[in-house]
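As you go down the protein sequences, you meet chains P and U in turn. Here my numbering is used: the first residue of the first sequence is 1, the next is one more, and so on. Here my numbering is used: the first residue of the second sequence is 1, the next is one more, and so on.
It is worth saying that the hints were derived from the structure and are not from the lab. Among the hints, a few may not be true.
[What the hints assert, rightly or not] To give an idea of the interface, some chain U residues facing chain P are shown, with a C-beta separation under 7 Å as derived from the structure:
| no. | residue |
| --- | --- |
| 1 | P180 |
| 2 | P183 |
| 3 | L229 |
| 4 | N239 |
| 5 | F902 |
C-beta: ideal position from N, C-alpha, C; glycine also.
Residue strings, one per chain:
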Amino acid sequence: MPRLVDLPVRRLPPSGGRPGALLVGRRRMMVRRLLERWRESGEWWEGEGEREVERLLLADGAVVEISAAVDASGGVVLEGGWRLVARFD
Amino acid sequence: MGTGGGTCQPSCALPLLHVHSHYSLREGVDSPQEIVRVAAAAGYGTVALTDRSSLSGGVRFVRAAQAAGLSPVLGTEVHTAGEEPDRLILLADGEEGYRNLSRLLTAAYALGGRHDPRVTPDLVAAHRRGVFALLGTRRSLAARALLGGQLERARAHVAPYAEIFGPEGAALVLERAYLPGEPRLEAGIDALARTFGLPVVAAPPVRHARREDMWLCDLLACVRSGRSLDAPSPLRPLNREGYILPREEFARRYADRPDALQGAAFLGERLRPPYRVPSPRLRAPSIRLPAGESAPEALRAAVREGVARRYGPHPPAGLWDRLEHELGVILDLGYADYFLLVMDVVAFARRSGIRVAGRGSAADSAVAYALGITEVDAFARGLLFERFLSRERGERPDIDLDFDARQRDRVAAYVRERYGDEHVAAVGTFATYRIRSAVRELGEALGFGEGELDRLAKSIPDVAADAILPEWDRYPELRGREEERRRYALLWRAAAALAGAPRLPSTHLGGLVIADEPVAGIAPLFPAANGGITMALDKDDVEDMGLIKLDLLSLRALSALDRTVRALAPGAEGRVVPDDPATYARIRRGETIGVFQLESPAQRALQARLGAERLEDLVHSVALIRPGPIQGNMVDPYVRRRRGEEAVAYLHPQLEPILAKTYGVVLFQEQVIEIAVRVAGFAPGEADRLRRVMTHGRSRAEMAAIGEEFVARARGRGMEEATARAIFDMLAGYASYGFSEAHAAAFGQTAYVTAFLLEHEPAASFAALLSEQPMGYYPPWVLANEAKRRGLAFLPPDVNRSEVACTVEEGRIRLGLALVAGVGEDRARRIVERRPPGGYASLADVRVVGGVDRASLEQLVRAGALDALGGSRRRMLAECALPLHQMRLGGGAWEREQEEDFSEAERRQMEVEVLGMEWRPSAWGPLRPALRRAGYTSSAELAAVPTGARVRCVGWPFRPHRPPTRSGRPAAFFSLVDEGGLVDCVCFAPAYRAYGALLFRRPLPPLEVEGRVEVRGEGREVIVDRVRPWPGALASPAGGSHFSASPRGRSR
């Protein structure tokens, strides 16, 4: 069962041979790999914008989903706006 | 074919291989032209249009792509038969592939029907040549299996098509549209590619050209799946990625898959366009001729015979010069076969006793007249052939034939039999979104209730779907409804976005295409609602495909004419004399209800002023009452000049011979052409092209350019610039209301014959008009009212006396059984044919012997058609509900139980509801003395009221409408119907603003108006300044039945 959360998260890209990571508050979660990525338009009729969602496999075996808004042109995910939205243990 | 190998650089020519336009009904958002525009701007060189089970957007797509320098590929997304339909994209490589796709879709329609075309692997295999298949799209069964982790199952779904097309003719697609499961899907696609040795191509799907239009795509998906926005559906897009990606974004998105990019690029380069637009080849059928005779020879011979028949041994001087000129053009353009074909169809109708009349610009042709195709002597009238056909214009000739509506299908059947079923199809058309249809469809998806939407749709003007918001303040019935403007804001926005988009494939009313090859290879054919076969291209597209179109139109006026004549003694039609004084006297009084083309309120008002006394006046009338002359302020000058109240003046003496017959007013399209020829030296064909640009182009730049050319050429011929400009301005002012003189002449002749018969044989004429409903301007209740006003009496429908249609019985009109709502012609015919010699004796008799179902029997009881059997209607209706064995049988032995029947008012109301008219004397009649005392003026009394006098009138409102006006300001026109006829009313701007909301609400109660009388010639209208529902406070001698006398009746 997914656990729904809504926490700000920072994505730390892989560098120097180290895997990428997620930073939630002070907690660092190592990312093993990106499972998939998709976009959702949301309830556009209620004024919701589009979001990009990433599903990540963490080093501890958990799966999380993080989400961020997509700008109107669709080209850019608004960095700094990522949030942890679900965790599958 | 294969998709090649190697690597693809970001600059390589990437194609769009999977694009849906709005011809993927309720799925795609944009027109093919818009797709081409956006794709070209995004830098693509090749685009494949792959609409769902449709090639209908093809012609427009190819034309737009040619103009934009894109390479167009046509394809289609087909669905397979079965519980769980599979989907695959089939792309045509060149003409052979296109023809096979067309035949495949034709077979798909035959298998699945008009609304659900389906293919089978066998059908696909039979049409595989020149076709390339894209497999594994996200909505395919294989993709669904892969997303579910079922690789073996996916293999099973792909296997049949991999085998049919092989690695040279198929590829698997990578769609990459930011959808969940894409990595898993791609891994599966790669596995399938390895299994079957198929290449992989990058093919992002497109359903809306621009990213921001996803909302409309989503809304349409909701409509298609019958869900509201709050409900999920697999058809709905998850995100906005189904748009035309900028080319760089396309390359970036697939940067890790150069094989897929390369495969797509290679495919885009390999696939060839399906055809060119317009078609360089005419696909006209060859007429069957005796051995050794050519079509040109046969046409000449037929013209010679026709001239002898029309003119006798001494044709008028100059006729043959004219005919030779026309024949030269016809033969040069290769249309000899076409003229012979049309002549053959008309000849079939004539020898079969089917009434036929050629209409439209074909009547500009003296050859058409000689061949018997038209009944207008183009030579005698001096009509201009180039309005119909010219070398310069190079368009297909367009001959429209009107037939008695009841017999039109017989003529179409003859054409199919003569030229072969496979070579003939009806022309298609698409119903498009207008505001009301958009409100009903989209509103449900937006979550509004059916009842609310029905009320909303009925209360708004039926305008173009994108006109409602810009014109909101223009319509009084909308003004003040700010809450609705806000509440339905998204609905209005969606409706505007869909304006003009196709909504429903349908069949053109009369068009047939006849080709020199089986038509299924030219465009897909679908089974029409009427059981025929329709080509899924509209009338403009079939011409662009090089097809010859023949318009066989149903004209109920001809049916009514035929009924009238057949009801009279043999030879009655021959007694129609020209220039009959009594006929013209009635026309001059504006008493033209029922007269073909001359019956609308505007026509009646015109006739009351015009003083018509010859056929030419009627011909001009047909052309005068059109939006253009009214907006162009041409009507009044014409009438004043016709009546000698204003001098006829010309801008230049050269115009006099052209405009003298229309009193100096430009009334006909032919006159525009003649002026351009005479004044500016245009060739006739050039001049017609100018006319068309003036009529259809209408952009300022275009008009200015044409104007300069006209002026320059006129000056070159010695005319002063100011005069040339004034003449051009006159033509430009006229341009939007062009009407062909030939067309007006053809209609004018029919109008005169119907007027003559209405004058001298009114009972037979009104009986015929009522039998042919719906037709003309007025519904049955207004026609019946007019008949009564003219002193005719009606007899009710009667199962033992009525025929199927209305008949004349001792001078009175006996209503036909088919007039009863819900009974219809077939049941009515059965009742008449099975009628025992002594008549039906009982309700059960009618039901059993007459073969009438219970619902129809009830309708007949309500109509009073069983009153003569002697039972009460209440009792009979009760018996209708009983099982057959409980109905009382035999001998009309109704028990005369003391059960009270319906009141007179109730019986009258029942009749009105099922007949759509009131055959008894009007309910207003008994009220009239009281109304007179209360100060109301009747329609009959209005005739004696002087101009300027104030009156109050009351009656049932009929057809409020807002035609274009001279000033451009909105005005409403309507009539009030009382026992003596019609009171024509006009609400100009102030009154319209005040009362528009009342006039256009539904249902309409009886209305009371107050206003000033305006006498116009022999007619009168009331310029209304006050409207209100009739208060009904008057004590009604009919016991309150004045409200129940509503002739609104049923909807037919």
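Evaluated hints:
no., hint, in the structure
1, P180, "4 Å, holds"
2, P183, "5 Å, holds"
3, L229, "5 Å, holds"
4, N239, "4 Å, holds"
5, F902, "52 Å, violated"
Consistency note: the structure conflicts with earlier hint 5 alone.
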